[in-house]
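Asks: Listed below are the residues making up each chain.
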Amino acid sequence: MARVPCTHCHLEFDESVMITEEENGKALHFCCKGCQGVYHLLKEEGLDTFYDKLGNQTLEPADRTREKKEDLERFDLEGFHKKYVRSTPEGLNEIHLIIEGIHCSACVWLNEKVLHQTPGVIEASINYSNNKAKVVWDPEQIRLSKIIETIRNIGYNAYPYDPALQEERAVKVRNDYYSRILVGVFATMNIMWIAIAQYAGYFTGMEKGHKNILNIAEFILATPTLFYSGWIFFRGAWYGLKNRFVNMDLLVAAGATLAYLYSIYAMITLEGEVYFDSVTMIITFVLVGKYLEVLSKRQAVDTLDKILGSMPTEATVVKDGEKALVSIENIEPGDLVELKPGEKVAVDGILRQGSALFDESPLTGESEPILKQEGDEILSGTVCLDSVVRYDATKRADESLLHQITELLGDAVTKKPRIEQLANVISGYFSVTILSIALLTFAGWLWHSGSFETALIVAISVIVIACPCALGLATPMATLMGISRAAKRGILFKEAAQLETMAKCDLLALDKTGTVTEGRPSVVSFQSFEGFDPKLLLSLVSGSNHPVSRGVARYLRERYPELRTLELENYKEIQAQGVRARYRDKEIAGGNAALMEALAVPVEVESRETLFLFAVDGKISAVIELRDRLKEGAFEAIATIKALGVKVVMLTGDHEAAAERIAMEAGIEESYARLLPQDKAELIDRFHDEGHRVVMAGDGINDAIALARSDIAIAMGSGADIAIEVSDVVLLEDRPADLADAFLVSRRTFRTVKQNLGFSILYNTVAVPLAVLGYVNPLVAALSMSLSSLFVVGNSMRIKLGVRNEE
Amino acid sequence: MSDSIMALMLGVSTFLGALGLIALLWGLRSGQFDDQAKFLDGARFDGEEELKDAVMMEKKKKEALEKKKKETAKKDYRPAD
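The listed protein sequences correspond, in order, to chains R and G. Residue numbering for the first sequence follows the numbering used here, beginning at 1 and increasing consecutively. Residue numbering for the second sequence follows the numbering used here, beginning at 1 and increasing consecutively.
Don't take every hint at face value.
Unchecked claim - Derived DSS-like pairs: lysine-lysine, alpha-carbon spacing no greater than 30 Å straight-line:
id, chain 1, residue 1, chain 2, residue 2
1, R, 344, R, 83
2, R, 344, R, 323
3, R, 146, R, 43
4, R, 83, G, 69
5, R, 146, G, 68
6, R, 83, G, 60
7, R, 43, G, 61
8, R, 43, G, 70
9, R, 33, G, 61
10, R, 83, G, 52
11, R, 43, G, 69
12, G, 70, G, 60
13, G, 62, R, 82
14, R, 82, G, 68
15, R, 319, R, 395
16, G, 70, R, 82
17, G, 60, R, 586
18, G, 62, R, 344
19, G, 67, R, 134
20, G, 67, R, 242
21, R, 33, R, 53
22, R, 53, G, 68
23, G, 52, R, 82
24, G, 62, R, 134
25, R, 146, G, 62
26, G, 69, R, 146
27, R, 53, G, 59
28, G, 60, R, 43
29, R, 208, R, 146
30, G, 61, R, 134
31, G, 52, G, 69
32, G, 67, G, 52
33, G, 69, R, 134
34, R, 33, R, 323
35, R, 83, G, 62
36, R, 83, R, 134
Calculated directly from the structure, the hints in this document are not laboratory data. Treat the numbers as computed from the prediction; the structure is a model and nothing was measured.
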C-alpha cells in the first residue's frame, strides 16, 4: 500500500488508514481528526499560506484530546493569575508561556498570526529558539482560557512559566553587558589608531596643534567608555566599599579614573602625555572577562523553566464520591487524590487504595520501578506506571518534594559562593597592595620632588602597569590551552576557571547508576535446560518495559540476531513479579522467584544477583542472572584518580548490598546508600564542612542538587538535561577514563597557571618598583608588556606539547 | 595637513561610526537580536501582509488603551455638588 503524507502534519502513513476527503478535485489525506480539524480551521481563517511556509517540514499530529474544556478553567482561576499573570502599567494583562509543538519558523508564524487575529490580544511575540512567548491582552475583551484554547485549536499547547524566576533578569543583565561592551570595543578600536599617531608623534615629533586635536578625539571616545562601560566597576567598587572590602573593581575603577583625570589635565595644559587609550583598554578588556562569567551563569535557567513547566498543575481529587480536576495549589493535606497510569505525582502523600508500580527514577535515578502498596509513601515527581490508585495528600504542593528540589536548584544555580568568595579574597589583597603602593609612591614623590604633577604621573603609572592586563593573561591563556586539550578528548569544561578549581579538589563523589555502572541490568550468566526455545522467551520479554525484561531481550537479540517474536495469547504482566502468557498449548512465564512460587514451579537456584527465571509448562527452562555492570575502565580510572591523592566516595539511592558490591568492584572504600536527592546534597555540604573541596560526578535529575552544591560538577553526556546544565564539566563519551583525564588535565593546567602567575608577579615586582622610581617611559612599558605576554603564551603552549609527549 | 582638515576627518569618521553604534544599541535594546531565527525569518517571510498585521496590532493596542483611558476618566468623574 502506498504511503502518503498527511496534508497537515506531513507525516507519512499508509493510505488505507488515512481520513480522505476531496476539495476542489484534489484529494486530501489526514492522519487523524486533529489534523483534519486544524487544516480546515486554518483554511477558514485564510491562514493556509502556513503550508507554503512549512515546506517539507513535518509537525506533530494535532492532538484532539488537548481540547478538554475542564482543564481550561484553571487559567481563569484567581490563584493562577496571582502566580503567572502580571498587570502592565496600562492596565493590560501580560503572561509568559512556553509553547509546545513548535518545530520550525512556520509554526512561530502561525501562532503569532492566529494570536494577532484574536480580538483582545494586544501583543504576541514568540521566541523560536526557546519556544517562549509573551502575550499581552485586554482582560475586558478576552479571557486567558480563550487564548490558550485558540493555541490548542491549531494543534499546539501552551503552559505558563514564571519569568520572574531569573529568566528575564538574566537576559537583562546579558543585554546590559552586551551594550556596554559594544561601546567599549567601538571606542577602543577607534582610540587605537589615534594612539598610533600619538606614539609616532612622540618619537618623531609632532606639532602641538595636531597633538591637541588627537587628544581631544581620544577624550571624546574615552569618556563614554569610562562612565558607561566602566559603570559596572564603579558600582562594584561602591558595593565593595559599602561592605568594607576592597576588590578588583576598585583597582580598575581607581586606575582608569585617575588616568582619565590626569589625561584631561594634560590635555588642557598641553603638558605631558595623555593616557586615554589605557583607560578604554583596561575597561574594555576587564569588562569582556566579566561578561564571560555572566554568560556561564545563564544557561541553567532555561532547563529549570522546562522542569517547572512539566510539573503537573492539576490533579484529580475525589470528594464525596465525585471526581474533580483541582489545581494543585488548592490541594489540602487530607484530600483523596486519584492517579492514573502515566501520571506524575503532584503532591506527596500516602497510598490508600490499590497498588501500582512507581517509576522513581526522576528522584532517585534508579532504573527499577518500585511496587507501592497501601500505606506506602508516595513522593511528588515520581510517575505512576500501571494502575489507578488513590492516595491521601499529606503535604501542600509547595511543601512537596518536587517543589523543594526546584527551589533548591534555583538557589544553587544563581550562586556559587565558595569560589567567588575565594576569588574576591585574592583580588582584594592584590588591589589593596597595589593601591597602597601607589599611594605611598604619590606621597614619596610629592615629598621628594615637591611637584604634585610628577607625583601624580608616577602614581598613575604604578596603577596602570599593575592593572590586570599583565596578570590577566597568565590564567586565561593556560586554561584556554587546557580546555582545548580536554575538548579534544570529549571533556567539555564550561568555564575556564573551573580547571583551576578542579585541580585543587581533593574529594570525588560519584553517583552509582549511570556514572560508575552502565545504569541498566545486563545478563551476566545464562543457563538453559532441555527444551529451551529462545523465540518463546524473546516474545515474552519483549512485551514488557521492565528494565530486567529489557536486559534479557537485549541479550537474546545480541546472541540470536535472526530471532523473530511469536504471537502470544493471554499476555499478563504481574506487578513486581514478572510476565506470563500462553503460546498454543504451552503455558509460559518469566520473572523472579516469587512468581515461580506463585505458579507452584519448583525452584532450586539462589543468587546474589537479580534473578530471572523462565518456565514452560511448570518446568524451569532457563535461569538468567542479571547485574548492573561496572562501566568499562571504571576500576582503572578510579585507581588513577586515587593515585593523584584524591579521596573517592560513592553516593547512591540504591540499597546497601548493591552499593557495597559495586563499590568493591570499582575499588571504592567509602559508599553511601539509600540517599534521596537532598541527602546527597547534604553529604556534599558535610564534605565541605570537613574541609574538602568536592568534585561530584552524576547524571540524573536526582544528582542535580548535589551537582550544583559541589565545587566542580561533572555530568555524563548522556545524562538528564538538568544535570548537564548545572554542571561545570560534561563528559561527552561517558567514559570513566575521561574522568581521570579531566583530573590530569586540570592539574597540569593549574601547574602552568602557577608558573605563569609566578612569572607575572616577578614581572610586577620588577616593573612596579621601576614605575615607583619614575623610570617607566612608554617605550619600556610597551616592550616589556609584549615580551611578558609572549612568555606567558609560550609557557601555556607547553600544556599541549607536554601532554602529547606523555601519550 | 592643516589642523582643521584633521579635525574634520576625525570628527566625521567618529560621528559616522557612532551612528552605526547607536543603531546597533537600539536594535539590542528593542530585542531585535533576542531571537536570531526571527531576525532571518523576517527577511524570508515578511511581506505586505505582515506589515499590515503589525499596523493592525498597533491600532488594536491604541484602541484598547484609549478605551481604558475613557473608562478611568468616567470613574474619576464626579458630578458637581
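Asks: Sort out whether residue 69 of chain G lies within 30 Å of residue 52 of chain G, counting only the CA atoms.
Replies: Holds. Residue 52 of chain G to residue 69 of chain G sits at ~26 Å (cutoff 30 Å).
Asks: If you draw a straight line from the CA of residue 146 of chain R to the CA of residue 43 of chain R, is it 30 Å or shorter?
Replies: The given pair, whose Cα atoms are some 20 Å apart, holds under the 30 Å limit.
Asks: Does residue 52 of chain G pair with residue 82 of chain R here, judged by a C-alpha cut-off of 30 Å?
Replies: violated (35 Å)
Asks: Given the hinted pair residue 344 of chain R and residue 323 of chain R, is their Cα-Cα distance within 30 Å?
Replies: It holds: about 18 Å lies between the C-alpha atoms, which stays within 30 Å.
Asks: Straight-line Cα separation of residue 61 of chain G and residue 134 of chain R no greater than 30 Å?
Replies: holds (15 Å)
Asks: Quick one, are residue 319 of chain R and residue 395 of chain R close enough, alpha carbons at most 30 Å?
Replies: Given pair residue 319 of chain R, residue 395 of chain R holds - Cα atoms ~17 Å apart, limit 30 Å.
Asks: Assess, step by step, whether the Cα of residue 83 of chain R is no farther than 30 Å from the Cα of residue 134 of chain R, and give holds or violated.
Replies: holds (15 Å)
Asks: Within 30 Å, alpha carbon to alpha carbon, are residue 83 of chain R and residue 60 of chain G?
Replies: Roughly 27 Å between the alpha carbons, so the hint for residue 83 of chain R and residue 60 of chain G holds.
Asks: So if I understand the rule, the pair passes when the alpha-carbon distance is 30 Å or less; does residue 146 of chain R with residue 62 of chain G pass?
Replies: With a Cα-Cα distance of about 22 Å, the restraint between residue 146 of chain R and residue 62 of chain G holds, given a limit of 30 Å.
Asks: Given the proposed pairing of residue 33 of chain R with residue 323 of chain R, does the C-alpha separation stay at or below 30 Å?
Replies: Measuring from Cα to Cα gives roughly 28 Å; hence the hint holds.
Asks: Residue 67 of chain G and residue 242 of chain R: Cα distance at most 30 Å?
Replies: Answer violated: residue 67 of chain G to residue 242 of chain R is near 48 Å, above 30 Å.
Asks: Within a Cα-Cα threshold of 30 Å, do residue 43 of chain R and residue 70 of chain G meet the stated pairing?
Replies: The hint is violated at about 38 Å.
The structure does not agree with the numbered hints 8, 9, 10, 11, 17, 18, 20, 22, 23 and 29 stated previously, though it agrees with the rest.
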